[in-house]
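*Asks:* Listed here are the chains, written in short residue letters.
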Amino acid sequence: MLTINNLHVYYGGIHALKGVSLNVNKGEILTIIGSNGAGKSTLLNSISGFLKYKGEIIYKDQKLNFSPNKIVQMGICHVPEGRLVFANLTVEDNLLLGAYLRNDKKGIKEDLEKVYTLFPRLKERQKQLSGTLSGGEQQMLAMGRGLMSSPDIMLLDEPSLGLAPLLVQTVFDIITDIRKMGKTILLVEQNAFKALSIADRAYVLEQGKIIMEGSAKDIANNPSIKEAYLGVKK
Amino acid sequence: MTQFLQQLINGLSIGSVYALMAVGYSLVYSIMNFSNFAHGGVIMFGAYFGFFYLTLFRLPFPVALIGAALSTAILAIIIERTAYKPLRNRRAPFLYFIICAMGMSIFLENIIIALPFIGPTFRTYPEIFSKTPIKIGSLAVGRLDLLMFIISAICLGLLVYFIDFTKIGKAIQATSYNIKASALMGINTDFIIITVFALGGFFAGIAGVLFGMKYTVYPQIGVITNKSFIAAVFGGLGSLPGAVIGSVLLGIIETFTSGYISSQYRDLIAFVLLIAVLVIRPRGLMGKSNEDKA
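From first to last, the protein sequence lines stand for chains G and U.
Oh and the first sequence: position 183 is 183 in this note's numbering, straight run, nothing missing.
To convert a position in the second sequence, counted from 1, into this note's numbering, add 234.
Just so you know, the hints here were simulated from the structure itself, not pulled from any lab data.
Be aware that a few hints might be false.
[Unchecked claim] Computed list of lysine-lysine pairs in DSSO-like fashion (alpha-carbon distance at most 27 Å, straight line):
| hint | chain 1 | residue 1 | chain 2 | residue 2 |
| --- | --- | --- | --- | --- |
| 1 | G | Lys-54 | U | Lys-414 |
| 2 | U | Lys-401 | G | Lys-105 |
| 3 | G | Lys-52 | U | Lys-414 |
| 4 | G | Lys-18 | U | Lys-414 |
| 5 | U | Lys-401 | G | Lys-106 |
| 6 | G | Lys-106 | G | Lys-180 |
| 7 | U | Lys-414 | G | Lys-123 |
| 8 | G | Lys-70 | U | Lys-401 |
| 9 | G | Lys-123 | U | Lys-401 |
| 10 | U | Lys-414 | G | Lys-63 |
| 11 | G | Lys-127 | U | Lys-401 |
| 12 | G | Lys-105 | U | Lys-414 |
| 13 | G | Lys-70 | U | Lys-414 |
| 14 | U | Lys-414 | G | Lys-114 |
| 15 | G | Lys-52 | U | Lys-319 |
| 16 | U | Lys-401 | G | Lys-114 |
[What the hints assert, rightly or not] Derived list of chain G stretches under chain U, where covered just means 3 residues or more per stretch with a C-beta under 8 Å from a C-beta of chain U:
| hint | segment |
| --- | --- |
| 17 | 61-69 |
| 18 | 82-89 |
| 19 | 93-101 |
Please read these numbers as outputs of a predicted model, since none were measured by experiment.
Just so it is clear, CB atoms sit at the ideal spot from N, CA and C, and this is done for glycine as well.
Given the sequences, and given the hints that come with them, work out the whole structure.
*Replies:* Right under this line is the structure:
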């Protein structure tokens with residue numbers, strides 16, 4: 001569904017991605033794990049059109065080379081790191097902005113109900129300014145807002161960052177639920193243990209290079225990965 | 235008491251026109267985080283457009299007013315495309331934008347002076363509304379003052395409606411909060427920037443015509459707009475309600491100063507107010523604060 005070939009990204013003199021190639025299959029949860037600064041967010045920002053890159057990104061047989069708003073239109077939704085909810089607007093306004101490019105009033109209303117069923121917390125707070133939500137609620141809002149664009153693939157950047165352990169589990173449960181709705185998921189995480197537990201396949205990104213790929217199970221059982229990312233001593 | 239009410243009405247009238255100008259500063263600031271000093275030049279062009287539409291083309295007043303507003307909206311878009319977009323493409327630091335805006339302001343003023351058929355002369359609008367005031371009890375309200383207030387109030391009402399109740403308005407609010415997140419919603423942020431300049435330019439044209447009618451038209455009329463900038467800072471740059479409240483308060487403070495102390499102190503008070511706000515409460519009455527929690 002999404003194929004990336006030999007992607008290079010430079011920030012000034014810094015070579016942030018050094019020839020990354022990967023592919024995402026329809027309907028799967030693919031996770032990219034890696035430490036801070038490995039280039040995970042850079043990868044997602046390249047897909048969603050914020051960065052200039054060398055190499056190619058192909059989505060549904062079409063080469064992506066557009067501005068961010070056109071990429072959303074093609075069915076790619078990026079839920080950014082740090083959630084970036086519009087704190088000056090209400091929860092419902094945030095969700096409706098997620099559907100900014102859509103004109104099917106009926107479909108938008110149905111999707112809004114779906115999001116409220118998935119996140120009952122948001123329904124309770126629909127008229128509240130989203131800046132008053134807790135970190136976990138803001139993460140739910142960011143994911144719900146992403147769903148409102150009715151995407152085919154969701155790029156999730158560190159959804160568990162800064163959340164209490166109990167909420168982390170909730171967020172990962174919700175990601176599984178979203179996949180059941182027929183969405184493809186590209187999940188970028190530092191919490192490798194959790195990410196690998198829900199993913200089908202995984203790539204390991206280190207210093208701008210893919211150093212390993214395989215089924216999530218194999219990666220989770222790989223001794224060097226265990227030691228480096230899962231905190232298990234040999 | 236009569237004098238008090240009289241001053242209050244004058245203050246509201248002048249303050250509402252300040253508000254029309256101040257929202258232009260605030261809208262641009264809220265999205266792009268810099269003070270667009272070329273706005274004064276756009277207002278000055280508005281005064282000239284209105285003047286020539288009325289005198290040269292002999293258009294009826296409402297047509298001339300809307301025509302001037304549309305012309306300045308286009309002018310504001312041209313300024314954005316030629317002066318600021320190249321800077322945005324290069325991701326220039328915000329200081330470059332301010333310097334560029336000041337340069338643009340000087341350019342606009344001087345192009346009017348340099349044009350042979352306009353030049354630096356002062357021009358007076360034709361008398362469209364009779365100078366005899368309307369009597370309300372013991373109060374005498376100037377027809378033009380009343381008109382300024384009504385037109386400004388209608389414009390501000392429309393703006394509030396547009397920002398709060400339309401899809402593009404919501405997108406403007408979202409973009410002012412976080413430009414990257416709004417692009418992720420599929421919002422064309424470039425189009426939002428154009429919209430914001432067009433809105434600011436439209437109201438600048440109306441304000442220019444009203445000011446031209448109240449005073450005279452001359453190339454430096456944009457200097458008056460410094461006051462509306464002060465009002466925008468006073469109310470909190472980037473906040474629309476702040477810009478309106480700041481402007482009305484500034485208008486009232488000014489007329490009271492002229493009425494009860496001396497008109498010579500009017501500008502002094504305005505600038506003292508600016509400095510006081512910057513020292514005591516730099517974000518103004520209702521300015522952007524750090525609402526972000528995550």
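*Asks:* Quick one: see if chain U covers the segment 93-101 of chain G, three-plus residues with Cβ-Cβ under 8 Å.
*Replies:* holds (count 6)
*Asks:* Under the criterion that the straight-line Cα-Cα distance not exceed 27 Å, is the pair Lys-401/U, Lys-105/G satisfied?
*Replies:* Between Lys-401/U and Lys-105/G the Cα gap is close to 13 Å, so the pair holds against 27 Å.
*Asks:* For the pair we were handed, Lys-127/G and Lys-401/U, check the Cα-Cα distance against 27 Å.
*Replies:* Roughly 17 Å separates the two Cα atoms, so the pair holds.
*Asks:* Within a Cα-Cα threshold of 27 Å, do Lys-105/G and Lys-414/U meet the stated pairing?
*Replies:* holds, 25 Å
*Asks:* Is the Cα-Cα distance between Lys-123/G and Lys-401/U 27 Å or less?
*Replies:* Holds, at roughly 21 Å.
*Asks:* Below or equal to 27 Å on CA atoms is what counts here, so check Lys-106/G against Lys-180/G.
*Replies:* The hint holds at about 22 Å.
*Asks:* Count the residues of the segment 61-69 of chain G with a beta-carbon closer than 8 Å to any beta-carbon of chain U: does the count reach three?
*Replies:* Per the Cβ count (3), the hint holds.
*Asks:* Given the hint that Lys-401/U pairs with Lys-114/G, does the C-alpha gap stay at or below 27 Å?
*Replies:* Given pair Lys-401/U, Lys-114/G holds - Cα atoms ~22 Å apart, limit 27 Å.
*Asks:* Between the alpha carbons of Lys-70/G and Lys-401/U, is the straight-line distance 27 Å or under?
*Replies:* Distance ~18 Å between Lys-70/G and Lys-401/U Cα, so the pair holds.
*Asks:* Does the structure keep Lys-70/G and Lys-414/U at a Cα separation of 27 Å or less?
*Replies:* Roughly 14 Å separates the two Cα atoms, so the pair holds.
*Asks:* Could you grab the alpha-carbon distance between Lys-414/U and Lys-63/G and see if it respects the 27 Å cut-off?
*Replies:* holds, 22 Å
*Asks:* Are three or more residues of the segment 82-89 of chain G within 8 Å, CB to CB, of chain U?
*Replies:* That given contact holds, which follows from 8 residues of the segment 82-89 of chain G lying within Cβ reach (below 8 Å) of chain U.
Checked against the numbered hints above, the structure violates none of them.
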